[in-house]
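Chains F and D are the protein sequences, given in the same order. The first sequence begins at -14 in this note's numbering and counts up one residue at a time. The second sequence begins at 1487 in this note's numbering and counts up one residue at a time.
Everything labelled a hint here was simulated from the structure, so no lab data went into it. There could be a bad hint or two in this list.
So, partial list: chain F residues that the calculated Cβ filter (under 10 Å) puts toward chain D [claimed, not checked]:
hint: 1; residue: Phe116
hint: 2; residue: Tyr201
hint: 3; residue: Tyr229
Listed next, with one range per pair, are the computed distances between beta-carbon atoms [said to hold, decoys possible]:
hint: 4; chain 1: F; residue 1: Pro708; chain 2: D; residue 2: Tyr1521; range: 31 to 37 Å
hint: 5; chain 1: F; residue 1: Asn110; chain 2: D; residue 2: Glu1610; range: 34 to 40 Å
hint: 6; chain 1: D; residue 1: Glu1610; chain 2: F; residue 2: Thr287; range: 37 to 43 Å
hint: 7; chain 1: D; residue 1: Glu1601; chain 2: F; residue 2: Asp(-7); range: 56 to 62 Å
hint: 8; chain 1: D; residue 1: Glu1601; chain 2: F; residue 2: Arg112; range: 41 to 47 Å
hint: 9; chain 1: D; residue 1: Ile1534; chain 2: F; residue 2: Asn110; range: 28 to 34 Å
hint: 10; chain 1: F; residue 1: Arg680; chain 2: D; residue 2: Val1549; range: 24 to 30 Å
hint: 11; chain 1: D; residue 1: Val1549; chain 2: F; residue 2: Arg112; range: 31 to 37 Å
hint: 12; chain 1: F; residue 1: Lys45; chain 2: D; residue 2: Ser1654; range: 46 to 52 Å
hint: 13; chain 1: D; residue 1: His1500; chain 2: F; residue 2: Ile691; range: 51 to 57 Å
Just so it is clear, CB atoms sit at the ideal spot from N, CA and C, and this is done for glycine as well.
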Amino acid sequence: MMIKVQIDGTYYEVTPGKNLLETCLTLGIYVPHFCFHPAMGSVGACRLCAVKKYKNADDKKGRIVMSCMEPVSDGLIVSVKDQEATAFRAAVIEGLMINHPHDCPVCDEGGECHLQDMTVMTGHNYRRFEFKKRTYNNQDLGPFINHEMNRCIQCYRCVRFYNDYAGGSDFAVLGSHDHVYFGRHQDGILENEFSGNLVEVCPTGVFTDKTLKAHYTRKWDLTNAPSLCIHCGVGCNTIAGERYGGLRRIMNRYNGAVNGYFLCDRGRFGYEFVNDDNRIRKAQIRITKDKNLEETPPEKLTTALSDAFFGTKRWIGIGSPRASLEANFALSCLVGKDNFFHGISRKDHLLVKTAIAILMNGTARSPSLKEIEKADVVLILGEDITQTAPMTALAVRQAARNKGIDSTVKSGIAEWNDYARREKSQDLKSPIFIASSFGTRLDDIAEKTYRASPMDIARLGFAVAAMLNKNAPQVKGLNEAQKELAKEITGVLKDAKIPVIITGIHSGSPDMLHAAANIAEALKLNGQHPLLSFLLPECNSMGLGMMDGKSLDDAIKLTDGGESAGLIILENDLYRRADKAFIDSLLEKCNPVIVLDHLVNETTLKADILLPVGTFAESEGTLVNNEGRAQRFYRVLPPDGSAMESWCQIRDLMRLSVNHEEVLWEKFDDVANAMTDQIPAFSKIKGYFPDADFRILNEKIKRQTIRFSGRTAISANIDVSEPKPPDDPGSPLAFSMEGSDEVPPSSLVAYYWVPGWNSYQAMNFYLDEPNGSLKGGDPGIRLIEASAANHLLFFNPVALSFRSRSGEWLVVPAYRIFGSEELSSKSRAVAARIEIPFILMNYGEAEELGGKDNDMVRLTLADKIIEVKLKIDNSIPAGILGLSTGLPGMPYLELPGMGKLTVLKS
Amino acid sequence: MFSILRSLWYTFLHAFHKRETILYPEEKPYLPPRYRGRIILSRDPDGIERCVACYLCAAACPVDCISLQAIEGENGRRYPAFFRINFSRCIFCGYCEEACPTYAIQLTPDFEMGEYNRQNLVYEKEHLLISGEGKYHGYDFYKVAGIDAGVKEKGEGANEQPPVDVKSLMP
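Work out the full structure, taking the sequences as your base and the hints as a guide.
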């Protein structure tokens, strides 16, 4: 149903239930505003979005209302251009500018500042206020965010985001009257995992990106490309910006179905590894086994590679969950399907395959983050999702508000009316159940938490499934508390409209996946539509899992036969995947070992031939996220000859090898199309993404803004004659400021800019409505769909309960948002936040052993001995230890496992 | 006939006028200070680089011949790590000077920049930076800006109140 409103004499058909400001932005009418944020609703604090409202057609006088607080109703007559309203808005800006410092030239927000845009838009250009400006002292907020409080205009967006939206507790508005201060109670690191969004949420330069500050560039000077975050399996969309050959920053790229307006700090600040000094820039060869790798000129490299391919009959290819689909596909073509391995341990491989099989079966839909936000019941089984898939945690936090929103809407208050909604709903929260081995960052919104071993958590899941459906396998031997909890969860799930079950493979337990699948199936048999989200660890874990291929453990079997084989490793540090001795023997048995990677790591040091490849910023490729959504990223760094895309490198290897003399792949599209033709699981990708021939009015899509500066001076120190802009024949984007001014298709938006809106807020005009979808649909195509007809056989048997043994503990993995992921931990800002390897232990047990917080302890696990720091954590039950996983300096350990612990006396 | 004679007469009179032509280069012409010639980077009254690397000159440049990179000193003062002008492209329009918020970039009355080799027309910061304030005396951007970059502390600027005491409840 549409309603009719009249704005400045023109009639528009609009959707009811929205506020007037949202409606105007949807219609493309410029209404200045500050405090309204589409994801956070309106509070009417800044008074900038004033418009005039008329009672009826006869009313000539009208009255000024705040458009963000005005619901659209049928027959509404308003004027945005009205003289009085315009003067009112100019006065508001003049008031806000009274204390705004003269900082624009040295302010990082300058050029993409919402306040600058609004000041220009309202016409305030001359300062009349003659008195002194208010000043504030700043705080040091850690390695991510720079604080410059003088610039604040008191719109309250930061505190609404940080506390109300992201659940932070160490940030607040302090002080009173015109002395309010937005910051922490004292200097210190902002604890919340989403603090980086303050950079985009703040309409001025109070919060700016500290990593960008170290190599500052204005927005208009960046060469941008639509990219993807590669630091977890969620697949958030990003805009990557380049200048002078280095990656300068990551900004959020709106995708209504995935990340919406926000990114986590790992995704935003984890990019600096691209500019690292440890990048592999030139091909290196080890001439004899006892020598070091040496850089080689191209001719020698070709000879060496030809010799290698001539002398070796059999090749083993090891792919990677952090490489694109196309790179993995190219490798599997080079070595042959039977010799292609996924590059993850047998255990992880089994877990990924199980998760994909359950989703492929079609029982339950894998939800997008948007769908998780709409859930009314969430059950999290055995995952600390803030650490493993941060943006999913942010979505769950929003889901917790839904019960409150429902009650608000029932009492006639609109959903967008943020302050009223908050007052009405108070502590009313949708039920979120969190079962994990130790405390998580979402516990504050949980209805109930359950702390137990992964086996017992799985048993809880099985018990819930059994209570929902009699045919599901029954769980014996539950204690009263467990029965009670299972009954409570069952009761809530039964009546849920949108139940979401989130689990993942991080706990290392296939039972967890089985339990979640059983619950989903039981709900489905109940006539409900459950959503089932599996969190996989890496950016392309899902995509790689959908390809044929065996695990790393199977690769070594091939070499056991005594037949010599060559090894090609694609963007994978094998020492993070399996036991050191195991990888050592694999690398020893294979000759030669060719490694393709971009950063030096333990595996690249063992290579016989090391080939440099591009990072995500230097490549084009497709990734499949947890949801099963295939998304594409494009190169942002111009090719400088050093880092070739992985698939190009492999294609060149194919041309050298005897069996593949006629590889015709010239462009990225050629390999992408070959892949979609040969692998049925990816057939939907074909034709979805615009190919390299895509043009708007005969022009490619520009990566640079119209104001891009310095073209005739950038390389003038090398040669005064300007070079031709770099060619990019493989993609529909151009390394140029010349191109069509039309809005490109949603998957190719390289930056947001609308006349008058230089700030990030310009993005609202790329959407069909604020907080909605991008015009032309949210980018990405879902490869896995559920169907109502599909059912699953209940998984059986039920996991066995964990029994603690004296003197031994069950060691479960504890992931950390900063440090557990390989590439981001090599970025400077993220590295500053990485903890020292630790083990979590209950206070009682630690005391028994005589251990205190921060003591060093020795952990014996299978045949490994490691020394880590003891961290007392009372949320972890007796008999269980949580060991930090993936942090730099930690060896690979197969978890969960039984271990022994001794406290080292210092 | 008359007009021809009159023209001859006037032409003859010019023989006794003051000469406009000068013997350049032995004798230099007078050029007003606002003449738009060779571009320089000036220093503030304390003798520190005025440029704060805000990129506005580069953005204003119609031929895109200015390129620089901002970097920050220990006290948070921003300055250009490199600053390059390609004078073989420069059209001396003066937009950079107009855009400059700190009076750092200035055009001077020097036009003698001829080079046999075009590459020599690429000026780096060391070629551009002079040791004085140029045309505009006494201006120091950091004295009037809000940030503390080692020039003045918060609240000590000419037009600033002392920093707010957040814990005070006084009106």
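Results of checking the hints against the structure:
1. Phe116: holds (8 Å)
2. Tyr201: At 4 Å from the nearest chain D Cβ, Tyr201/F passes the 10 Å test, so the hint holds.
3. Tyr229: holds (7 Å)
4. Pro708/F x Tyr1521/D: 31 to 37 Å: holds (34 Å)
5. Asn110/F x Glu1610/D: 34 to 40 Å: holds (36 Å)
6. Glu1610/D x Thr287/F: 37 to 43 Å: Check passed, 39 Å falls within 37 to 43 Å.
7. Glu1601/D x Asp(-7)/F: 56 to 62 Å: holds (58 Å)
8. Glu1601/D x Arg112/F: 41 to 47 Å: Check passed, 45 Å falls within 41 to 47 Å.
9. Ile1534/D x Asn110/F: 28 to 34 Å: Holds, at about 30 Å.
10. Arg680/F x Val1549/D: 24 to 30 Å: About 28 Å separates the Cβ atoms of Arg680/F and Val1549/D, which means 24 to 30 Å holds.
11. Val1549/D x Arg112/F: 31 to 37 Å: holds (33 Å)
12. Lys45/F x Ser1654/D: 46 to 52 Å: holds (48 Å)
13. His1500/D x Ile691/F: 51 to 57 Å: Since the Cβ atoms of His1500/D and Ile691/F sit about 53 Å apart, the hinted range of 51 to 57 Å holds.
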